[in-house]
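Please construct the entire structure, taking both the sequences and the accompanying hints into account.
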Amino acid sequence: SLLFKWKNHAKKNIKNVFGGPLFYPDEKPFVKKSSKKELNICFTSLGDYIEKGADKYIQLVEKYKCLYPSDSIIFNSIGNCNAHKYIIKYDSMSQEKLDNFYRDNIDIQINLTVRGTVAFPHGAEAVIQGCMLLTTDYTNMNNQNNYNFDPYIIVDVENSVDQVVTKIKELY
Numbered sequence: 158s159l160l161f162k163w164k165n166h167a168k169k170n171i172k173n174v175f176g177g178p179l180f181y182p183d184e185k186p187f188v189k190k191s192s193k194k195e196l197n198i199c200f201t202s203l204g205d206y207i208e209k210g211a212d213k214y215i216q217l218v219e220k221y222k223c224l225y226p227s228d229s230i231i232f233n234s235i236g237n238c239n240a241h242k243y244i245i246k247y248d249s250m251s252q253e254k255l256d257n258f259y260r261d262n263i264d265i266q267i268n269l270t271v272r273g274t275v276a277f278p279h280g281a282e283a284v285i286q287g288c289m290l291l292t293t294d295y296t297n298m299n300n301q302n303n304y305n306f307d308p309y310i311i312v313d314v315e316n317s318v319d320q321v322v323t324k325i326k327e328l329y
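For the sequence shown, our numbering assigns the number 158 to the initial residue and increments by one for each residue that follows.
Think of the hints as simulated: they come from the structure by calculation, not from any bench. It is possible that part of the hints are untrue.
[Claimed, not checked] Straight-line distance between alpha carbons at most 20 angstroms, and here's what the computed PhoX-like set of lysine-lysine pairs gives:
{"id": "1", "residue 1": "Lys194", "residue 2": "Lys324"}
{"id": "2", "residue 1": "Lys193", "residue 2": "Lys324"}
{"id": "3", "residue 1": "Lys222", "residue 2": "Lys242"}
{"id": "4", "residue 1": "Lys326", "residue 2": "Lys193"}
{"id": "5", "residue 1": "Lys194", "residue 2": "Lys326"}
{"id": "6", "residue 1": "Lys326", "residue 2": "Lys220"}
{"id": "7", "residue 1": "Lys222", "residue 2": "Lys326"}
{"id": "8", "residue 1": "Lys220", "residue 2": "Lys246"}
{"id": "9", "residue 1": "Lys242", "residue 2": "Lys220"}
{"id": "10", "residue 1": "Lys324", "residue 2": "Lys220"}
{"id": "11", "residue 1": "Lys222", "residue 2": "Lys246"}
{"id": "12", "residue 1": "Lys189", "residue 2": "Lys254"}
{"id": "13", "residue 1": "Lys220", "residue 2": "Lys193"}
{"id": "14", "residue 1": "Lys185", "residue 2": "Lys254"}
{"id": "15", "residue 1": "Lys222", "residue 2": "Lys324"}
[Stated by the list, open to error] Pair ranges (Cβ atoms, derived):
{"id": "16", "residue 1": "Gly273", "residue 2": "Pro226", "range": "16 to 22 angstroms"}
{"id": "17", "residue 1": "Glu282", "residue 2": "Asn316", "range": "33 to 39 angstroms"}
{"id": "18", "residue 1": "Asn305", "residue 2": "Ala240", "range": "34 to 40 angstroms"}
{"id": "19", "residue 1": "Asn302", "residue 2": "Asp248", "range": "29 to 35 angstroms"}
{"id": "20", "residue 1": "Asn262", "residue 2": "Thr296", "range": "27 to 33 angstroms"}
For glycine and all other residues, C-beta sits at the position ideal for the given N, C-alpha and C.
See below:
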């Protein structure tokens with residue numbers, strides 16, 4: 158098994174890795190030039206409904222639409238998120254289709270992970286396609302690993318709905 162081989166691997170060949178690359182060495186993020194009148198926002202989840210924050214996404218969509226009903230915001234979801242009257246729901250898609258969808262349609266990617274997979278940042282594939290990311294960082298990996306992502310993109314798990322609503326309004 159892989160675990161057995163790893164435990165028996167020579168110590169001199171082990172490297173401590175505390176993060177992972179977001180881009181290939183020759184890859185650059187796509188830069189969008191938008192003159193659209195609406196703002197397209199997306200939540201994507203292939204994981205657990207609660208752990209990934211799908212319930213919180215629905216709460217923030219409802220709150221935003223209640224507070225700012227005349228704003229031209231289009232809320233989208235991909236994968237495991239319940240259907241909702243204010244959300245255009247898409248089935249999961251291949252990485253190639255997802256990349257194109259982010260690049261051609263989405264302005265802001267929302268990640269509301271509250272527990273589970275310890276990875277940061279979720280949503281990097283959207284950033285590569287030119288989207289802004291608003292994300293939780295419940296394990297504080299941004300600071301612990303010196304990623305130095307601007308604190309503006311990070312929202313507190315406990316107050317994520319209110320913080321994301323406020324930031325969407327600021328960006329609109």
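Review point. That 33 to 39 angstroms hint for glutamate 282 and asparagine 316 (C-beta), does it hold up?
Key: 26 angstroms, violated
**Study point:** Distance restraint between lysine 326 and lysine 193, which requires alpha-carbon spacing of 20 angstroms or less
**Key:** 16 angstroms, holds
Check your understanding: Taking the CB of asparagine 302 and the CB of aspartate 248, does the distance hold inside 29 to 35 angstroms?
Key -> For aspartate 248 against asparagine 302, whose Cβ atoms are near 33 angstroms apart, the range 29 to 35 angstroms holds.
Review point. Can the suggested window of 16 to 22 angstroms be confirmed for the beta-carbon pair glycine 273 and proline 226?
Key: Violated: the Cβ-Cβ distance is about 33 angstroms, outside 16 to 22 angstroms.
Exercise for review: For the pair we were handed, lysine 220 and lysine 246, check the Cα-Cα distance against 20 angstroms.
Suggested key: Measuring from Cα to Cα gives roughly 18 angstroms; hence the hint holds.
Review point. Within a Cα-Cα threshold of 20 angstroms, do lysine 242 and lysine 220 meet the stated pairing?
Key: The hint holds at about 13 angstroms.
Review point. Has the given pair, lysine 189 with lysine 254, been kept, meaning a C-alpha gap of at most 20 angstroms?
Key: 18 angstroms, holds
Exercise for review: Could you grab the alpha-carbon distance between lysine 222 and lysine 242 and see if it respects the 20 angstroms cut-off?
Suggested key: Between lysine 222 and lysine 242 the Cα gap is close to 11 angstroms, so the pair holds against 20 angstroms.
Check your understanding: Is lysine 194 close enough to lysine 324, meaning Cα to Cα at most 20 angstroms?
Key -> Between lysine 194 and lysine 324 the Cα gap is close to 18 angstroms, so the pair holds against 20 angstroms.
Exercise for review: Could you grab the alpha-carbon distance between lysine 194 and lysine 326 and see if it respects the 20 angstroms cut-off?
Suggested key: 14 angstroms, holds
Review point. Between lysine 324 and lysine 220, is the straight-line Cα distance small enough, at 20 angstroms or below?
Key: Holds. Lysine 324 to lysine 220 sits at ~13 angstroms (cutoff 20 angstroms).
**Study point:** Holds or violated: lysine 220 to lysine 193, with C-alpha atoms at most 20 angstroms apart
**Key:** 23 angstroms, violated
The structure is inconsistent with the numbered hints 13, 16, 17, although it conforms to all the rest.
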